[in-house]
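Number of protein chains: 2
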Amino acid sequence: MKKQYAASLILLLALVGFAGPDSGVHKVRRYRQTHELTLLTEYMQFLAIPNVAADSANLRQTASFILGMMQKRGIKGQLLPAKTPGVPPAVYGEVRTPGAKRTIVFYAHYDGQPVNAAQWASGLSPFKPQLTSAALTHGGQFIPMMQAGETSGPDWRLYARSSSDDKAGVMAILAGYEALVQSKQRPGVNIKFFFEGEEEKGSPHLSEIVEGNRALLASDLWIICDGPVHQSGQKQVVFGARGDVNVGLTVYGPKRPLHSGHYGNWAPNPALALAQLLASMKDSTGRVTIEGFYDDVIPLTAKEQQALSRVPNLDAAIQKELSFARADGGGQNLSELINQPSLNINGMRSANVGAQAANVIPTTAEATLDLRLVLGNDWERQVAKVVSHIRRQGFFVTTQEPTDAERARYPRIVRLTPHTGYNAERTSMDLPLAQEVVVAVQRTSTQPVVQVPTSGGSLPLHVFKKINATTLTVPVANYDNNQHAENENIRLGNLWDGMETMAAIMQLK
Amino acid sequence: MKKQYAASLILLLALVGFAGPDSGVHKVRRYRQTHELTLLTEYMQFLAIPNVAADSANLRQTASFILGMMQKRGIKGQLLPAKTPGVPPAVYGEVRTPGAKRTIVFYAHYDGQPVNAAQWASGLSPFKPQLTSAALTHGGQFIPMMQAGETSGPDWRLYARSSSDDKAGVMAILAGYEALVQSKQRPGVNIKFFFEGEEEKGSPHLSEIVEGNRALLASDLWIICDGPVHQSGQKQVVFGARGDVNVGLTVYGPKRPLHSGHYGNWAPNPALALAQLLASMKDSTGRVTIEGFYDDVIPLTAKEQQALSRVPNLDAAIQKELSFARADGGGQNLSELINQPSLNINGMRSANVGAQAANVIPTTAEATLDLRLVLGNDWERQVAKVVSHIRRQGFFVTTQEPTDAERARYPRIVRLTPHTGYNAERTSMDLPLAQEVVVAVQRTSTQPVVQVPTSGGSLPLHVFKKINATTLTVPVANYDNNQHAENENIRLGNLWDGMETMAAIMQLK
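Residue numbers (this note's numbering), protein chains in the order written: chain V, 1 to 509; chain Y, 1 to 509.
These aren't lab readings, by the way, just hints derived from the structure by calculation.
Warning: the hint list may mix true and false statements.
[Claimed, not checked] A short, non-exhaustive set of chain V residues, derived as facing chain Y with CB atoms under 8 Å:
1) Asn116
2) Pro268
3) Ala279
4) Gly329
5) Leu337
6) Gln340
7) Ile345
8) Asn359
9) Arg372
10) Glu401
11) Tyr410
12) Gly457
13) Glu486
Ideal Cβ placement from N, Cα and C applies to all residues, glycine included.
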């Protein structure tokens, strides 16, 4: 079958499926429309439970809340603890479908990125969900909770940490299942639910949990419900994800903070040394200048390249919305650049700035780097390239607080904070079940589903490979959700659409 | 008179003055020794009043407290408000000495540098003064308040914001006067007290106050009691101070924080742009690479150069204590480097680091620079050199939040936060009254007084020049006082010695 013909056929099949008002999709939608208040109330309670990595008590409470959400829907749930004590457990549930030949695991994660509440907009707080009439950046106003009988607008936003990333995944999956069953439909596959609690930490114990429950987690496919849909608003099926590793850097200056007048010009300033080090890592087009950084990359297949070429290019519009004059990457587009390894400065800090700044020579300067990896990169090898580069800039590299002897010996010292990383993975675009998922998702939308070889974001797909699982990512969140930052939000239309997407996949035979 | 002979004579005179147990110095000391508990209690109450620039209510309370300190000592005090409303007033007091031919104004400032309480060591808090048995960095332990009849140790430290900079100045002056009078001695000059409340903000309204009170402030000399004594512990008389101006920089990235995976490699990172900008400002020896930065400097006179050559060189010992392997300045010593203009990064910040770091491309990156100036530099011209340099690095420079049109047009944008600065000043080393002060200070110490042409730190001496006043700086604080930073402290021995220094100057005829 010619490729273009295949794509047209998928769209055709989907439009047929979408056509009638009594289709499965419409039944799910009608159920949701009459139950929005209940669903939204539950979701806001879910979002109100803090879920940052440092707060293990609240992570346990979040897991318990999900068990409750399952119980309400008649799903028998259980916690899957890691062997390592103190680790947030995965939440597991199962629905057997009589006669089903295949089993699909639906994955989302319930932990969230760290928060700095002071950085959130006035009136917002990470764990006090707030509804608005539209995105705050587009004139949205705070609105009260909807009333019984009222229907939400699709552009309403709900602001809270993890509202998009990735409690939205948990909610879309469980509410999608509920809508399917309550609208007198039934799943076509056996369904397993798997909700992780350490994704934003790099999933350090996911292997333990997954490998310790091989039989329980046996499946034909994992659907990873995480990340945003395409910037165009079109739904996406994503075949892989970049790997990821963080690197923390601390540069040392004088042992105590010094008056910048009495010691300025003489005592070395660690903020300057860090600036010089970071500046040496990229050129003015944003290309990484670390030796060998772009080596090891396995090129895309012809099919993947073709899929990439069909991804709508909205770069100009997004750039306009984000208000910057020149993108990095020397003219390559966003989709192309996502298929390359990256180096990003997540944050940088030395002493204080603005009203808190004092006239001092700081004692240390810190930065956190984020390295994204593509197929072929190894996370440890990628970090080693960065370390070699730092050494070539004249720095002594240690992973401990430097000793006095080291401080006395080395003019420039970097302490590296070790982080665990993982590599990129990709599922073949030739896999029949994967194409069936594309068709199912297409049935829920009048717009073509975008097929993406690799997500820019990262997911611990390598862990699933250890139990020979196949994964596909099917995201639900809006692209402008501020995930990982202050003012995270979900567009309600995306949450509701996500229910339909998940229900449609559950109806695969 | 040959210069070396002159120096020996000063030391000789001083040792004669210091010799007898009934000398003025010893009377002041004995008074202090029997009143330490009262003095320390008062000082701790004084330190407990917050005095940061943003907190005008507490600055007014600090000024009132000083009025009370004066009243207790029989000094009639008054507030000298600026014409501009809302400005912390100067606190003024006066003591006329029958038959006195000369008038000396004693200056200190009661406001403090900003605080970030989270950065202070465990158990310390900026406005809860805490006594320790020695510097915490040298094994000091927390100790309770001294009891009646007990004497403090000279190496005890008192930790609080402004404990050294510069409530110590206010305390040394007023307690020195008290000890002088209470030990049945009398001043030899008319004394005026002048305590400023905006020094750490760059004294933006000091001119208004000083010029508005020309007659009241008529004098032969101002003694500026601020800053640290020499690192050797030797007392100092300082003939000038560097000028100072801060420059705030904000670099802009995408308008909202972005997921570093979905947009990394494409959306420009403002932390990198700031790092590249800062890195371009200095070379690896710390020399400023901004065009013309070292122009305009008026060289030291032969006498000043000679004084400089006599300043004890403790660079190796200080460097060891501060634990760094290589000083900036390409081999020049600290005293020499202080006589050059400087550029220091006070602080740097973009998004978050460490446990708070998230995988984002930040929206902005900020830095605060501190430029110190020497005689001949003009602060506005020095800032203009920095701005020209920033433009040459390809940045559009604005003093406002950039508009969308500017963001769309300029790939690199810096917002400059304007600050007011002031120039350096120096008093001639040939001035007879200045040399009399050196002799008076020398009487209080068995170690030679260090004469310094220019302090590394800055003082608004230019303001006093407007009313044709002559200034000399006579500091009291220990050099390792963490002034301007967390864990600021005063060594009690320095506070007590400072009382003796101030009392001795009051006894000049």
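For this structure, which hints from the list above don't hold up? 10
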